[in-house]
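Take a look at the letters that make up each chain.
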Amino acid sequence: MRWIITEPRGVTQALCEPKRSGRFKEPKPRCLTLVYKDNRLNQTNRLDVYAEAYFARLLEVLSQDYQVLERTMGILLGKHAFSVLIADYLSRFPSQSPNIAELGRRLPVYLRSHHPFGEQFPLLSDLALLEWASIEAFYADDVFLEEKIGDMNTLAAKKWASIRFKLLPSVHLLKLSWPVDRIWKKPSCSHELRGGLGKESTLLIVWRDREQVLVERVDPLQWKILYWIKKGHSLGMISKLLTSHLRRHRVTFDIAHFISHWRSTGIITH
Amino acid sequence: MGLRAPHYSYILKHKPPVPWFEAITENFTGIEGGAGGKPIRVLEKIRELYPVALHGVSLSIGSSDPLDKDYLKKIRSLAARIEPQWMSDHLCWTSVEGKHLHDLLPLPFTEKVIQYLVSRILYVQDFLGRKILFENVSSYMTFSNSEMTEWEFLSELSKRADCGILLDINNIYVNSVNHGFDPISYINGVPRDRIGQFHLAGHSNQGRYLLDTHDHPITAPVWNLYEKALRCFGPIPTLIERDENIPAFPELMKEVHKANSIAEKVHGKKRISTSITDRTPTVVAVDHH
Chain A
1 MRWIITEPRG
11 VTQALCEPKR
21 SGRFKEPKPR
31 CLTLVYKDNR
41 LNQTNRLDVY
51 AEAYFARLLE
61 VLSQDYQVLE
71 RTMGILLGKH
81 AFSVLIADYL
91 SRFPSQSPNI
101 AELGRRLPVY
111 LRSHHPFGEQ
121 FPLLSDLALL
131 EWASIEAFYA
141 DDVFLEEKIG
151 DMNTLAAKKW
161 ASIRFKLLPS
171 VHLLKLSWPV
181 DRIWKKPSCS
191 HELRGGLGKE
201 STLLIVWRDR
211 EQVLVERVDP
221 LQWKILYWIK
231 KGHSLGMISK
241 LLTSHLRRHR
251 VTFDIAHFIS
261 HWRSTGIITH
Chain B
1 MGLRAPHYSY
11 ILKHKPPVPW
21 FEAITENFTG
31 IEGGAGGKPI
41 RVLEKIRELY
51 PVALHGVSLS
61 IGSSDPLDKD
71 YLKKIRSLAA
81 RIEPQWMSDH
91 LCWTSVEGKH
101 LHDLLPLPFT
111 EKVIQYLVSR
121 ILYVQDFLGR
131 KILFENVSSY
141 MTFSNSEMTE
151 WEFLSELSKR
161 ADCGILLDIN
171 NIYVNSVNHG
181 FDPISYINGV
191 PRDRIGQFHL
201 AGHSNQGRYL
211 LDTHDHPITA
221 PVWNLYEKAL
231 RCFGPIPTLI
241 ERDENIPAFP
251 ELMKEVHKAN
261 SIAEKVHGKK
271 RISTSITDRT
281 PTVVAVDHH
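Residue numbers (the working numbering), protein chains in the order written: chain A, 1 to 270; chain B, 1 to 289.
It is worth saying that the hints were derived from the structure and are not from the lab. Errors might be hidden in some of the hints.
As the list claims (entries may be wrong) - Among the chain B residues that face chain A by a calculated CB cut under 10 angstroms, a handful are:
hint, residue
1, Thr29
2, Pro39
3, Ile40
4, Val57
5, Lys74
6, Arg130
7, Tyr140
8, Ser144
9, Asn145
10, Thr149
11, His179
12, Gly180
The beta carbon of each residue, even a glycine, is placed where N, CA and C say it ideally should be.
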């Protein structure tokens, strides 16, 4: 019976076209006879209440989690495109967590690797990645660590090199192929979408400042430094890596400048 | 009153005279890799001001799956943090073979199911170190192999599992229409000493059946049934639920006032339980282990 209740197309259509997926093997009469029969509502209609509620509820949750994706898909693919995507997604990845907030976790990967919409418009999976990162930032643990290092300009070189910073749990580093932050920040830019948003390497940090989720573009140098901080490298190691990988000079000055900015915005802590 | 996101800022700013709030447990257990964020911060602030009850939707006590220990650990941890007056969930199944439907699905009312549920409820209560209230769910189908009425099932189960009952008055009414029984028989058929809380909510009329949508004001037949329940069970703490078309907080307070006026009519002002802390629950332990 469960496949009928969980079929996003509804009970009637599932019974009419049971061969849509190989997993639908239960014959019609067996499951329906489990439902008490009376003259108020027939057995199929009673099951249908659950089937419709199942899809409507999960669609509503994912619509809230992926508001910008839904709007963008509406512009690019028509108003029912998001519902079609979600029906396919739920068939492939039914919820596996008691927490409904986890439901959309796999949608970005599903769009990128398994769905024709993602192939047709690759920016959609980047947009989904950004929206999911914002959800993770929303739920991330709070950390209140005391900053003990004070003014970094006055530190001796040896001590400076040994310092390790940490990214706050809410910080996500995204390396995307499309400038989807423009859509995220201005979801109504439909003319830009219709005209074709150009592919463009986009590096973003997503984090939460108190109760607000923020998105900021960073350049490749900043992104690298944050990435190495995330890996747990000391400032001395980051300095060496920058010098050898990027052949940059005056890296200490660059690092100090960025560290100061990120400490003030609260995305790194000691 | 049910604690809902659109009301967070109003509650924290105006501190309305509501005796307690009920929070949906799973909204505050976080997601993988993060159990904090805005939701838990808000709940902790509200907990500083009001008693809070935690109401779960995903325990899936009736599932054929084993109980989810990770989930139980999460809600135990949340309970340790929030110190809720009550914890409750639903008498239903919500998952099978590790897949979650996020719906409250009905159970067959049989002796075999009672035996199955008793052992699981005893385990959960032992694991959490407290008694749990289980809520009767609204339903749109019953099973042809049921051996008893819903209220007989609920009564027998609560006695044998030594759990409390969260009696949803709206769900009784919805089911009475959808399945054709007398709601008064239901009220008269459940044990007085097991009822720890009432829920009231609105439903929508779909023509041939009622849908428990929590998106409308409470209807007149549900208010009438509430009055009868108060006469039968005494001054039970009552919660107003609204999950869709959520009005401004003061608008929702009108339903709280109406519930209070009915309770006053039935029991008189002095007998009304205006707070869960001024009624010693008969079946709910609040000790923490």
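Consistency of the hints with the structure:
A least Cβ separation of about 6 angstroms between Thr29 of chain B and chain A falls short of the 10 angstroms threshold, and the interface hint therefore holds. For Pro39 of chain B, the shortest C-beta to C-beta distance to chain A is roughly 7 angstroms, which falls under 10 angstroms, so the interface hint holds. A least Cβ separation of about 8 angstroms between Ile40 of chain B and chain A falls short of the 10 angstroms threshold, and the interface hint therefore holds. Residue-level restraint check for Val57 of chain B holds (minimum Cβ-Cβ distance to chain A is 8 angstroms; threshold 10 angstroms).
The interface hint given for Lys74 of chain B holds, since its Cβ lies 8 angstroms from the closest Cβ of chain A, which is under the 10 angstroms cut-off. Because the beta carbon of Arg130 of chain B sits about 19 angstroms from the nearest beta carbon in chain A, more than 10 angstroms, this interface hint is broken. Annotation: Tyr140 of chain B was flagged as interfacial toward chain A, and the flag holds, the nearest CB pair being 4 angstroms apart, inside 10 angstroms. The interface hint given for Ser144 of chain B holds, since its Cβ lies 5 angstroms from the closest Cβ of chain A, which is under the 10 angstroms cut-off.
Annotation: interface hint on Asn145 of chain B holds; nearest CB of chain A at approximately 7 angstroms, less than 10 angstroms. For Thr149 of chain B, the interface hint is violated, the least distance from its beta-carbon to any beta-carbon of chain A being 12 angstroms, above 10 angstroms. For His179 of chain B, the shortest C-beta to C-beta distance to chain A is roughly 8 angstroms, which falls under 10 angstroms, so the interface hint holds. Checking Gly180 of chain B against chain A by beta carbon gives a least distance of about 6 angstroms; that is within 10 angstroms, so the hint holds.
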